[in-house]
Amino acid sequence: MNLNVTLIAQAITFFVFIFFCAKFVWPPLVQAIEDRQKMIAGGLAAAEEGKKSLEVSARQSELSIATARNRAQEIVVQAESRVAQMIEEAKVAAKQEGEREKAAAKAEIEQELARAKESLRSQVASLVITGAEQILRREVDAKAHADILNSLQQQL
Amino acid sequence: MTVEVEALNSTAYIGHHLTNRTISLGEGSFWTLHLDTFLTSVALGVVGFGLLWWVVRGATAGVPTRRQAFVEILFDFVDSQVKGIFHGNRAFVGPLAMTVFIWVFLMNAMDFIPVDLAGLMTEHVMQQEHWKPVPTSDVNTTFALALSIWGLMIFYNIKVKGWGGWVHELFCTPFGSHFLLWPLNFLFNLVEYISKPLSHALRLYGNIYAGEIIFMLLWMWAATGLVGSVFGGVLALGWSIFHILIVALQAYIFMMLTVVYMAMAHEGH
Chain P
81 MNLNVTLIAQ AITFFVFIFF CAKFVWPPLV QAIEDRQKMI AGGLAAAEEG
131 KKSLEVSARQ SELSIATARN RAQEIVVQAE SRVAQMIEEA KVAAKQEGER
181 EKAAAKAEIE QELARAKESL RSQVASLVIT GAEQILRREV DAKAHADILN
231 SLQQQL
Chain U
49 MTVEVEALNS TAYIGHHLTN RTISLGEGSF WTLHLDTFLT SVALGVVGFG
99 LLWWVVRGAT AGVPTRRQAF VEILFDFVDS QVKGIFHGNR AFVGPLAMTV
149 FIWVFLMNAM DFIPVDLAGL MTEHVMQQEH WKPVPTSDVN TTFALALSIW
199 GLMIFYNIKV KGWGGWVHEL FCTPFGSHFL LWPLNFLFNL VEYISKPLSH
249 ALRLYGNIYA GEIIFMLLWM WAATGLVGSV FGGVLALGWS IFHILIVALQ
299 AYIFMMLTVV YMAMAHEGH
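Protein sequences, first through last, are from chains P and U. Our numbering numbers the first residue of the first sequence as 81 and each following residue consecutively. Our numbering numbers the first residue of the second sequence as 49 and each following residue consecutively.
Since the hints were derived computationally from the structure, they do not count as laboratory data. These figures come from a predicted structure and were not determined experimentally. Just so you know, even glycine gets a beta-carbon here, dropped at the ideal spot from N, CA and C. Treat the hints loosely; a few may be bogus.
Claimed, not checked - To give a feel for the contact side, a few chain P residues facing chain U, derived at Cβ under 8 Å:
#1 Leu83
#2 Ala89
#3 Arg116
Claimed, not checked - Below, in silico cross-link-like pairs of lysine-lysine (DSS-like), each with a Cα-Cα straight-line distance of 25 Å or less:
#4 Lys131/U x Lys209/U
#5 Lys131/U x Lys118/P
#6 Lys103/P x Lys207/U
So here's chain U without its partners, still in its complex pose (with noise of 0.2 Å):
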């Protein structure tokens, strides 16, 4: 990191920054491991529903301490959103909006913290010399996340309408059930099932990491002296609260989508 700031090379900065710490499970490039998407993933997970966990644990009936007002406000505000666009047991769809909607904020949030500060730390206290912080600017996330809501949509389609309906509704949804209709049909569900992972994903991971690209930018600019840190750190600072509501924004309709995908699955076209 240090040398490509001294040479400020900008292709040479970013694309360090954007390496994966990687390691290899087994032959082939398919088996390669990103340990930091992978591990800063799990500790954000960890750290952010242990927390849930500890507050829930000791959850009262009566008067609420303030964390569980917070965890409650969050749930309140989850559930809520949950209920307007999914019509049934919330059991399951619930937990999974909300861990949807934190695991991507928290994931998301890393964001926040300046590259070289992160990269600082990856570096000397934890000697990794690459480090990407960010586990949602790694397609692996993104995709790992949308195609699993992908997998449980096409479970709840099949658990709910049966095989039968399911594949009554790939073939005569939505312009009508006449046999003539049904490449057509089939067609446009086809399209409908490949672009919705794709969407899901995409769009996240395009958010996140075209974020993080700007933040490269900006701190890169405030490597060049005097006036590009000055220059650099305002406009740094104006992109981080602009990113604030890019990065609830996104785990927002990360989490709605997840919710939308799911009420579909229950009820159908």
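In isolation and in its complexed conformation, chain P is listed as follows (with noise of 0.2 Å):
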């Protein structure tokens, strides 16, 4: 137990290192470490945030998607009652299409009926009248028998 000046020397140095410590270690770690420990909350925070946007959009996505498939399903009921529609009417016209060229057919069929029933009646006429002529050249007065020739025709 000799006590001397070492102790006084070994008091300033432990004050110096005391300062040094106080100084230049202590201040910048915990300035470290409050920095990262803000860092983090600050991380947390927005994760939090990012959840809860994602959530959000989420709700978002779903309801469009529902939308979506609504208007679609709505579209392909438009569409299919449209077809439906567009076959009938598609139908109809056709029957009256067919209708007519029928009715065309039938009335042009006619017409020449008539015509070569016309033609062939004057034909007939003509040459019952030439057959006529030349059996009763000599007998028969064409004037005198005109009537009974013209209704001959008139019956053909």
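With the hints in hand, could you dock these two chains into one complex?
Right under this line is the structure:
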């Protein structure tokens, strides 16, 4: 136990080290740790925020998907009804067209027939007249028997 | 050292290892400086706090490097101890506790170097006949620390409570403020103020000094022959491992008492 000036020297050294530690070691370390704590807290808050916004957008997307699905359904239904309608219309139009064609053909045929009948009739009449003239050239007076010949022609 | 080992004179061997390297700064025995204690402690402090400073200078708030993480673990250990006892601004008490812990730990840890290996180095490289490598086994170091903390304790007592508050506390606590109790209170506080630095300093000194003596006895046994070397070596290994606990524990206790004294100075009885 010999206390001497070493004690004072050691005490001074001690205070120098305390000062050094308090000035150059402790504050930057505290600063770094506090900054990191803030950074981590900020990161966690941001993550929480992100999670929330993700939830919101998920809900929104679900909603818009549902809307789109409904809309598509509607469009399909509309298209189907439109198709049925168009088919129906086409059927009606085709039928009408067919009827018209048929009627026109019939009319034409009838016309043709009438024309043929007329020409046939006139040809037969002229043939008959010619035949009758040749047979009755001498006995029959064309003028006298004209009315008979005319009625005959009418009857053919 | 070699002479003593050859002679196997235990008193001379231990005495030799416990003799400080001294220089005289003036007249009288008081002005003797233990150069070994002083220079070893300064070197340890410079290395220890220099390393801390080097790591802290490059400290980042981002992902820490391993050495920064180590320093932060150390910081967190000290800071949480201080936080648990001392309720107030830790801007001074925190670094004070850290300084005490690291410095005392490093000085205690010099005990791990086998005395004769340290002696080999100090005798042949540094050309010093006497060199005690463990600064905390010198009462001057432990009393320097304890009395500095004692001074800080009184300083903060006065700073926080004022002269009046402190004197009031000296005379009116712990038994009461009746004037008949004043002498008793003062006596009680006087004993406390004297015993604090004494127990603070001598606890550390005693533990480390005793540890050193046991090491020396074991090394001395190790020099007696093959059997002595084997048993001495094995026991020294065991004592070293146990001594890791003592070194750390004494540094921890010293730091905790420092913080407790500071807390008492700030908060009163």
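Hint by hint, here is what the structure shows:
no. : hint                : result
1   : Leu83               : 6 Å, holds
2   : Ala89               : 5 Å, holds
3   : Arg116              : 5 Å, holds
4   : Lys131/U x Lys209/U : 21 Å, holds
5   : Lys131/U x Lys118/P : 20 Å, holds
6   : Lys103/P x Lys207/U : 21 Å, holds
Of the numbered hints stated above, none is contradicted by the structure.
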